[in-house]
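**Q** Make one complex out of these two single chains by using the hints.
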Amino acid sequence: MQAQNEAPELTVLEFRRAVDIALAQDAIVPALRAMTKLALLLAGSSESSQALVQLAQIVGRFSEGLESSDILMANELLHSAKL
Amino acid sequence: MDVGGWLRSLGLGQYEAAFRKNEINERVLPSLTQEDLKEIGVGPVGHRRVLLDAIATLRAEANAKASSADMPPSSRTRGTPPDDRAERRQVTVMFSDLVGSTALSARMDPEDLREVISVYQKCVTETVARFGGFVAKFMGDGVLIYFGYPQAHEDDAERAVRAGLALIAAVSDLKTHAPLQARVGIATGLVVVGDLIGSGASQEQVIVGETPNLAARLQSIAEPNSVAIAESTRRLVGNLFELGDLGAKDLKGITAPVRAWAALRAASVESRFEAMHASGLTELVGREEEIELLLRRWSKAKTGEGQVVLLSGEPGIGKSRLTAALLDRVAGEPHARLRYFCSPQHTDSALYPIISQMERAAGFTHEDTAQAKLDKLDALLAQSFTSHQDAALLAEMLSLPNDGRYPTLQLMPQQRRQKTLEALAAQLAALSQSKPMLMIFEDVHWIDPTSLEALTRTVDQVRTLGVLLVVTFRPEFEPQWIGQPHVTGLTVSRLGHREIAAMIDRVVGNKALAASIRQVIVERTDGIPLFIEEMTKAVLEAGGEEAAQRSVGGIPSASVAVPASLHASLMGRLDRLGWTKELAQISAVLGPEFSQELLTLVTDMPPLRVEQGLKNLVEMDFLVRRHGKSSVGYAFRHALVQDVAYSSLLHSRRRLVHGRVAEVLRETFPHIAESQPEVVARHMTEARLLPDAVKWWRKAGHRSVRASSNPEAIEHFSRCLQLLEQLTEGPDRTREELEIRIDLGVPLFGSVGYMAPEFAANFNRALELSRESNDAAKLFPALWAQWTTTFSSGDMATSEMMSLNFLRGAELQESRAMLVIGHRIHGMTTLSRGDVRGARRELERSLSLYRDPDDNDLTYLYGQNQRIAALSYLCLAMQQLGYLDQALALSNQAIADATALGHFNTQGYCLAQVLRLHMLRRDPASIHKTAQELAVLSEQHSATSWSLVARIALALTDAAGSVDTTPLETVRTGIQELQSRGWNYWVPWLLLEEARALLARRDYGPVKRRLDEAQRLIETNDHRLVSQNCTICVLT
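Going down the list, the sequences are from chains R and C.
Note that the first sequence covers residues 23 to 105 in the numbering used here.
Note that the second sequence covers residues 24 to 1059 in the numbering used here.
Bound-form chain C, shown alone (with noise of 0.2 Å):
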């Protein structure tokens, strides 16, 4: 529960601060008392009322879920809500069933059919635990079991369906009163596990979802003694099953007809990895240095050199495709192979890589009788020139019968154990005598420590025959043989940018691919060929435009999906961690980076816990530690495993987790979340705080007009815009629109351009809502204010697209009055930016265009009189194009209109600009003048900035031909109350003056850090038309 939440619900949350301050969490809340609230600070007697009598509240409800869940009320009431720890995940379920069990009920005694449950139930535990399944739940004689849950493996669907057949297999051997039979029915998919529910016996693992609905509604459709496996599970399988087509079901309760699979039995295959890729290799790609040193070992080896490669790698590196491009790249000379593929499902069976090895080279099938693979054997032994004594071992080896063909040998087992080794041994010699040998030994971190033992001697066999020996393995094996001079130790590293690229282009082929959606890519799969290639194509298959959503903020969305094919391998990661699973799902939430400090306070763990799960999360490579300028940070080290930590989180906790960030960002990192409001703002939308997110994302937004990133901000508004629909419609949301849409006018101007029609989009709906708004006068004002900001802060690039976005509107519009000041303002920036001759062009268009009197109310609605604030600005114009004698006349016309219209803001403008005119000419009398009118009228009416150029122009003109200091220090503190202001807009001209006045005086030292503080100004804000003047206009 969020404290202030709960606060601000009571209608009390102007005690947030103070709870938090005397560390006021869930926890405690519930026992507070009058003391309590007294010492914290609660003056009012009501409010201390209301407060108690909210706890009491929430106390009972803490004891009802209590006693409910029959826990101790310290567990239950901690945080957050009974179902928090439930997760979305990728599960294969399997429903199995007996066949035919209400016939049977009817026909036994039901002591016996009480036997009979028993025992199937027993059976069902037995092999289902075998393959690491998990039994979540009998029904009579149906049961449901998981895999990928509670711990996932990275063959999960492949364990399932062996589990599966083995079932089948040990029903129907089942020694029981009448013969059973079993049907299994599997399928995957994601589903949320919840938290255990009720306790003791009746305790149940429950999963929400379609997933186990399907299973069941499988099992009903397969034959008797058959597992029916869904496409999801098959897609997992690859060919690593033979299958039966069972076509496209219709099933109860599932929307569209699903198409089902029978497994038949386990596939004959050579490699996982081939077998998994039945539809052909993505061509190899940035190998090229480890092809050719497994190239030049062979070379050696077939010398009769013998050679060992130990090629290791993390997942996924692409360990075995390379194995597989060297078998490619050798095929056409003459040479023998031998592969051993370990398994993960073995890693205790004896020599199991060895024993699979054997039987498909003895070319054994599912049908043969174990005469028959005697006799295979027999064939397969010839080869080899075999000695009898090792014939019998090896067969005993594949556990076949002796009948009589081979010696009987009495060996103890030890002894048995040494002689088998020896006689594999020996078929390597005699194998490798004819023809050099190619020996692929994969997966070696799953070997079992019997193959291992074998594996060692013939690392050193191999050293005097024609062998190249490669073994492949991951980090996590250490192999014992390094060192020697024979084995070479290969470690497969990560992909480049343009590796990844090219791996794209080929997994894309000639479809279209958005390069918004292949950057996510690049991103996501840290130069993993095989995340590469798995996203890519799961990319493809979803076709998803949103994909490209995803990285903005650094939060994963559920968008683009981890691949399922993946999605096993990086869940079991996960579920291996322990307690500290929960922290790198909270971390996920986080962002790709994070510091441990906004850790510490977005969890409820304990400082010192957090550390450690830290440190253990680094151990087990899932983190890695940065150290910034002032906090320790940590980042994920790979993107997906991100993804499926936050995807394992239910939207439920993902929102209060996101919602805690966003409140600490905002509370204790004030610093972050002004900088980066997008961050703040992406928290408050995940976390559904809707109107919060969008007055973040107009944050963001702003603050990425003003750094000219305009595609960012386009991007920000339209979130906004995205976010405001899904609230309640009325005044407020439509005056927020409108704002929104007068803001991201001027993003759009200056990305797409005027002419786009998204910008004409934007605008005439802006037009919409302000006549829906009962107030179509108020487009145009809005427009023109956030003009007038932007331009008294001096930022000219930023002003240059609103008054343009000002002007075009105006000619949608139609509207000529628009057109005055759109022109004007418009006269205005170009002037500023620099571009004279432009400037005078649109001045003088708007005045052509003023219309008197009509023209005369836009006096009161846009600050000033139109036509007299573009005389002001149009005297400057034709000074700097050297018409002075009329820009002269032009000042004194204008000044003596605004004299005799009386309107202050229209005279104070006019003054301000007749004053840089006189500045401009450089004619002290004049400033002086002015100055001194600008300062008098200014002071009346309280107008700050004015008054504060007044003052400095005034003090410059003392300083000159005068020894006291003092007026050069009022020039400056005035000068800095305006920058403090954020009235830059006057600040890079004055500092010009500044910095004449200081050389007038032979005071060089401050001199070049004016100019400097001036050029810097001009170049941020584009503030061009001083640039000309600046250094000039001091030293000429």
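The shape of chain R in the complex, shown without the other chains (with noise of 0.2 Å):
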């Protein structure tokens, strides 16, 4: 059980459960916020590559908004991944 004052957190799991209900409604706001929490959580491991794949092509849908700053990281972090 978590400690009365522990932040919570969501495990990878949870994040993918989200991205996937987010993608279902086509929201893809709420999914790029999910899928950058995710790829963060995964870097360094085996999934880190294809979360940073999933992560790219969320990014590519978007056509406006490019400097929104969930957009910005989302991109920071693709780039600091391919350096």
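Label pairs and their in silico Cβ distance ranges:
| # | chain 1 | residue 1 | chain 2 | residue 2 | range |
| --- | --- | --- | --- | --- | --- |
| 1 | C | Glu962 | R | Gln72 | 48 to 54 Å |
| 2 | R | Gln72 | C | Ser698 | 50 to 56 Å |
| 3 | R | Gln72 | C | Arg788 | 55 to 61 Å |
| 4 | C | Ala784 | R | Glu89 | 52 to 58 Å |
| 5 | R | Met95 | C | Arg864 | 27 to 33 Å |
| 6 | C | Pro693 | R | Met95 | 55 to 61 Å |
| 7 | C | Gln999 | R | Glu89 | 37 to 43 Å |
These are calculated hints, taken from the structure and not from any lab test.
Here a beta-carbon is modelled for each residue, glycine too, at the ideal position from N, C-alpha and C.
**A** Below, the structure written as structure tokens:
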């Protein structure tokens, strides 16, 4: 059980589920947010590159608002991974 | 009398509570004085005057009733009208008349005639009493007799026919001046048995109904010295009598021709069970284990180790059916059989079952002379090598005269009894020598004491013989033989659901039976095979669809009557209750289960007496006690017993009790009334309080809609409509029907779908009604209002049905303007349900249909400017879809247009949605700005809900980056305020924002609670759009 004053955290599985639901609803803003967090969580693991591919796909669906903080953060993550 | 109703009738309903509080019931009401009224708190002199006058009238009425009935006022004024104890019941009515009495009166001296009539009447009275009948009335030489009242017996019809036959014989044997002949007519049916009318010698038990008339008419067509019976009676006596068909008769005062039968004599039937099942037995269901056990005992018995099986079980459970199955299974094997049947009419006739067995075995017939019978007996006894002395004893047992062929026995009565029992034992020993023997003794709960002694000997005796003895009886009989090693007890139990279904299938055969009716049968028959069989047959005969309606609200309805074949035995049980019968009847009105508290309040009996009565009812196996959480509850053991108790109440009395139940539920158990409005509604309906009933059914419907129980909701609203039809036509009725039709559209939509004809029919009727009320424009605003209320309550599943409902209505009407609204509101629910792309499509459709300036007027009938409202939601959908710039552009346009329009409701609506857009965008500056504008605007117009949302949003921005806890407290109380007002649309969103704020302050404790609460609301309300935003929204 979680201690009373510990930050609640989502597991990889919960993030995946969140991404799936958001994509199923065509709500790509929440999908992007969840996927960004998931990719960060998986950084360095064997699933990392797959998560980044999926993140790139979601980012690719945006045609406007490319200067919004959500997209900027996702792009930053994608760039740093490629370096 | 209902004191509350009385007060309301005087226009002084406001004192109802005060009267109740002072325990003013109908008993003390007539004796209230001026002083009492003051004390109760009736202030104005005028009111006191009105009450005192009305009380004086009551007193006069009570006195008049009391003196006319020659009864003390206390017992007459008590509670209810004088015909109150009258009952509806099935009675077999017998009418007997002397043949040619007019001729007799002409021929005879009046004094002699008087003598003849008196002898005849005495003869009838005695004969009828022997069979448990009740002489209700002498009308000269005519006698009216009831079987089944005041005490019902399960074999009333049979008793009546036997009594009729005995009566004819007894009358023709009378030694009078002239030979007498009687004629008897018998019919069975539902009657109302009245209370005593008159008193003393003129007292008479009046029964009303077609049955007594039918019995009298049948009597008139009967041949002298014969008994004519109606078809209704014949069905109940099966093959117990030899009958002559009299054909269909036209009888005076009876509408249709009546099939009549002449009962000739008792048939020589071996088994009552078989006589009642002449048309064949229903296949045995679910008794494999019992049959196996009987067959194992039979195998053992055949080896010479005699066995006894005691089959016990309640009436109708299938004891006789089991023995019939056993006989069937061993039919192919060589064996001897002895079958004995006890009878309810012969519980005091010594050796009755044994005598009748021997008469059957010897083959006596109706016409045999004593001589012939003796010859037959000799032939029978020769098979068992019977001694002369035993033969003499047995002949005497059969009441045959000794014609000199047997030795004369000089025995004391006690000795004779001993010797006879020994002779019977010797018979058994001899008969079982050559072949294994199957001996069946049925219905031993009716055994006479001498036969019981003989049977007890037999149980001992068979131990060493090749005999299987099967004894059947009901649980009230307690056998003394248990514990002996060769005796096995076997209790036959009720059938399970699968077996009941199988049994119904067998009875139904290839006829059709609706699933709903099947369900009723399963519910009402408690797994008792006889009940299942009879009820299924009765339903098939009646073919009534209504059967399915009966279980609504748990109160039996009269539409499926208890089968006639079961009525007498069930009524008999009820009659044996004595004074507690009334309690059982009232309980039956309450339903299959009820609390003691409710019953006590509904009856006018003192609580202690109710408690004692309930205790009796439990002891007599009528009720089962159930311990609830807070109160003591009771349930009927048999649903059919409840039905009979209920159906025996007069309609007028039923109505009173139902009305009282509804009143008590509403006033004393508001929690039950609120959580089960359909129960109150049902009682109101039965009480014929129609306007109230409509109100409560509607309440039940709304409750069912909220619980997404669409079929129930449809049922409830349909009942409203049925009842409305019975009310007087007028604008009020039209308006009410319109409202109900609008309500009904929602569950109809949810269950049959909007393409179904029912849906269109309902909608078109609503349209017609709105035109009738000269307010054609009323329908869509009503539909809209219904949707908007539900939408702001956050219940998205129901909202979706309502918005589709509206849309479908617009399509049927081919109204473009209504389609604008329909697509708009449906887009809103679609978005909330999480179909973002679908929502965009609907909203864009609405915008494309919108015509400026034609549609601008809609703004005022439908709350907001439709175009701006659509834009306000479209921006949310576009944002979620990732069109971040377009979303922002749409929101700016919406705000600009709303401001230009200057319509407050449109502006507030728009700002609130744009505020939400900025929350989704996570743009604190825009949130703050928009919330400020919304706060100012909504406070100007005292719009509480928007004001609350705006204050919460502002507090959330204040909370960010501050250590002050006040803003979060504002958020908390604001959310609670929204919830308490039922405005749950915003609540899950705001809970998530609150959780984010808490998280930012590292106040992790309450975060999970907020998330859980949001999740719970999302799930109950199906507010799916929030779900993908739920935890992610907070934690990403």
